[in-house]
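Please take these sequences and the hints and turn them into a complete structure.
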Amino acid sequence: MDPHPDLTPEVIRGLGWLYLLLAAMNALWTWREVKRHVSAGSIAGWAVFTTLLFLVGVAHVTGGAEPEQFLIRMPEWFKSRVDQLAKPTTYFTGSLLLFVAVIWLREWLVKPTVAWVLLNLAVLFMCLSLTDYDFRQIVGKPDNVPIVSMLFIVGFFTWLYFRRAVDNDQRIAAGRPLFEQEDNDKILVWPDLVYTEMICMIALTAILVVWGVVLQAPLEDPASAVRTPNPSKAPWYFLGLQEMLVYYDPWMAGVVLPSIILVGLMALPYIDFNKKGNGYYTFNERKFSIITFLFGFIPLWIGLIILGTFLRGPNWNFFGIYEFWDVHKLENLNNVNLSELVWVDTLKQPLPVASAGASEWQKILAILLRESVGLVLVAVYLFVLPPLMAMTIFRRFFVRMGFLRYMVFANLVLFMACLPIKMVLRWAFRLKYIVAIPEWFFNI
Amino acid sequence: MSIGEYIRDSQIWKSIFRHPAPYDRRNRVVVMLTNFFLHLHPVSVKKQGIALSYTWCMGGITFFLFLVETVTGVLLMFYYRPTLEWAYNDILALRDVTTLGIMREIHRWAAHAMVITVWLHMYRVFLTGSYKPPREFNWVVGVLLLVLTLLLSFTGYLLPWDQLAIWAITVGSNMARATPFLGHEGPGAQILNLGGFDLITNASDARFILLGGRFVGENTLNRFYILHCVAIPLVVAGLIAIHFWRVRKDGGISQPL
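One line per chain: the protein sequences are H and F, in this order.
Quick note on numbering: the working numbering labels position 143 of the first sequence as 143, and the sequence is numbered without any gaps.
Quick note on numbering: the working numbering labels position 164 of the second sequence as 164, and the sequence is numbered without any gaps.
I should point out that these hints are in silico values taken from the structure, not numbers from a laboratory.
This structure is a prediction, so every number in the text was calculated from the model and none was measured.
Virtual Cβ for every residue (Gly too), placed ideally from N, Cα, C.
Among the hints, erroneous ones may be present.
[Claimed, not checked] Each pair of labels, with its calculated beta carbon distance range:
#1 H:L118 - F:N193: 58 to 64 Å
#2 H:F157 - F:V147: 18 to 24 Å
#3 F:A93 - H:F429: 52 to 58 Å
#4 F:G217 - H:A203: 37 to 43 Å
#5 H:F273 - F:A237: 30 to 36 Å
#6 F:G4 - H:T113: 48 to 54 Å
#7 F:R248 - H:I202: 24 to 30 Å
#8 F:R25 - H:D167: 32 to 38 Å
#9 F:G217 - H:S259: 23 to 29 Å
#10 F:G4 - H:K276: 48 to 54 Å
Structure, rendered in C-alpha cells:
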C-alpha cells in the first residue's frame, strides 16, 4: 500500500462535492444567461458544461471504491513538467507577465463571461491538483487554508476594481457622469446601512462557527527548543519578508525594508499630488500610483507570501507544487560577492587585505578599498539617481512635488525597486552581496 | 393592547429607548442620534458611498472581527494559563475536552481573517483614492492599525506554545537581532561601546527586550501574553476610536465633501 496515495476514497468523495458545487454555480450561471437572452449556442454550451460537471461530481461521490483505478486525476506528465519549470526565476517572470497582462487586457478581463471562465479554470485546476498527494500536503495545512481562500478573494476584488475602473474610465472619456455620481441621493442610515451591517455580522458569525467546527486550528507537538523544524517558517503574513532573506541580510530584509514599507505607506497621501480619483474607481486618471501600488501589493507582497508558503520547503529550497518536500534536495549556492567579481575575476588579483600588525585605520581602509566598487554603486543609486530622475523621467513629478516631497518619493521608489534589482542580479550573475562587509555585519 | 405595545409603553422600555420605534422618517433620524452604539454613524449617507460593490464592507468586517477576537479572547483568558507548565496543555484541553473549546478555533480563524480583511480594507481605500485630502491623516492612523493587527496576530501566535509557535516566533524575532545599532548582529552595533565594553550584546539588544531573554522562553511567553491580551488591544482600541471619529469628521467614509 502506497504511504503517499494520490487518491483515497475520502479525497475522491470530497472532490465530488467540490465538482457538484461548481456544477451548481454553473447552473446558476446558465440560468443567468437564459435570462439575459444570449445566443442559443452559448446557453447550450453552458448547459452541456454544467451537465458534464454534474456527471463528474456524481462519478466522484459514488465511485471512490477503487482509488488506484480512478481516472480523473492530474496527468503525470503535466505534474513533472510544472515541477521542472518551477524555479524562482520562472515564478517571478510569470507573475510579472501576468501583472502586465492583467493591466494590458483589463478591458477584456472585466467582462463577466471572461471572469467566469477564469474562475472555472482556477477551480478546475485546484480540483485536479488536489488529486496529487504532495499538493494536498501543502494546500491542506490548516493554517494555509486561509491563504488559499485569500488568493481567490484578492483575485475577485482586483477584478471588481478593474470592472468599476474601466467603466468609469469609459464614462470619463465619453463625458458621461461617473457611476458613483449617478443615483447618489442621501439615504437614511436606519434602515439602509444598519441592516446591511446586521446581516453582515450574522453571516460572518455563521461562517466563523462553521469554519471552526469543520477545520481544527493547528496544534503541533509541544514546544521544544532543541528540535528545529525544517523548514522553520514565520507566521504566514510575514513570509514575504522571510523570502526577502534569500536576497538580503536580516538587517535589510527584516528591519530596514519593512520599516521603509510602513513609512512609504504613511507617506503616500502626502506625496500623491494627483487630486483626481478621490471617491471613485478609476485607472486612467491615476495610472502611476495605481500601477505602483498594485505592483507592491500583488506581485511583491501577496506573490512573495504565496512563494514563501507554498513553494519554499526544507532548507528554504524551492519546490514545485507537486514535488515531494525532500529534506536532502541539493541546490547550488556558489554565489559570489561583487568584490570577488571585481578583484579576482576582472582584475586577476587577490582581495585587498590589511597586512598583519596593521593599525585599525589601515584595516578599515583595506575593507573600504575591497568594497569600493559596491559602495560607489550604492552611493550612486541612492544619491545620484534621484536628481538624475528628477531631470529625466520624473521631471513632471519634481516640478509638481517640490524638493522635499520629491526626495522622499524618489527614495521610496528606489527602495521598492531594490528587491527586484537584487533578484535579477542574483539570477544573472549569481551575485551574493553588492557590498560585503561581514566584519561590521554590513552586507547589502 | 398587544404585549408588544405593552412593553413599549412601559416605564422601563421608555427609560432605555427615549423615542418611539423607528418606523417613520422622524424616528429613524432620532434613533441614530439617541442611541450610543448607533451614534457612530451619521443620520444619512450618500447611497453610492455605502454600496457593497464600492466599499467591500472590509473596514466594518475588520472591526467586527476585532470584536469577535475580544469576546473569544476574554473567554479564552479564563481558561488559558501562560506558563511553560500549562500553556500547551490548556490549548490541548481546549481542543479535546473543554466545553466551548471551539472558542480557540474561532479565535484563530478570525485572526487570520482579520489580517486579510484589514489588507483588503487598505486596498479598497487606496483604489478609491480615499486617502486623498482631507483624509490623509486617517490613512496614517489606518497604517498604524494595520501594523498593530499584524503584531496582535504575531504575539498571539506564540501562546499555544507548540512547535509551530516557538519556531515561528524565533524566526520572526531573529530579525530584531540584526537591527542597525540596536541589535547585536546589526551594522553599527560595534560602534556603541564605552571604554571597550559593548553596549549592545545579546543580553541587551532589541531582540532581548522583545523576548525578555536570549531565546524564546518563559519570559517571552509572559511578555507576549501581556502584549497580546492587554497592551496592544488597548492601543488598538484607542486608535480605532480616533479612526472612526476622523471618518466622521473628515466627511464620511469616502468621496469628496
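Structure-based check of all given hints:
1. Taking the beta carbon of each, L118 (chain H) and N193 (chain F) are about 59 Å apart, inside 58 to 64 Å as hinted.
2. Distance hint for F157 (chain H) and V147 (chain F): a CB-CB separation of about 22 Å, consistent with the stated range 18 to 24 Å.
3. The hinted window of 52 to 58 Å between A93 (chain F) and F429 (chain H) holds, with their beta carbons roughly 55 Å apart.
4. In this structure the hint that G217 (chain F) and A203 (chain H) lie 37 to 43 Å apart at CB holds, the actual value being about 42 Å.
5. Checked against the given bound of 30 to 36 Å, the beta carbons of F273 (chain H) and A237 (chain F), roughly 34 Å apart, stay inside it.
6. Checked against the hint of 48 to 54 Å, the C-beta distance between G4 (chain F) and T113 (chain H) comes to roughly 50 Å, which is consistent with it.
7. Look at R248 (chain F) against I202 (chain H): about 25 Å separates their beta carbons, and that is inside 24 to 30 Å.
8. Separated by about 33 Å at the C-beta atoms, R25 (chain F) and D167 (chain H) satisfy the suggested range of 32 to 38 Å.
9. In this structure the supplied range 23 to 29 Å holds for G217 (chain F) paired with S259 (chain H), their Cβ-Cβ distance being about 27 Å.
10. About 52 Å separates the C-beta atoms of G4 (chain F) and K276 (chain H), a value consistent with the hinted range of 48 to 54 Å.
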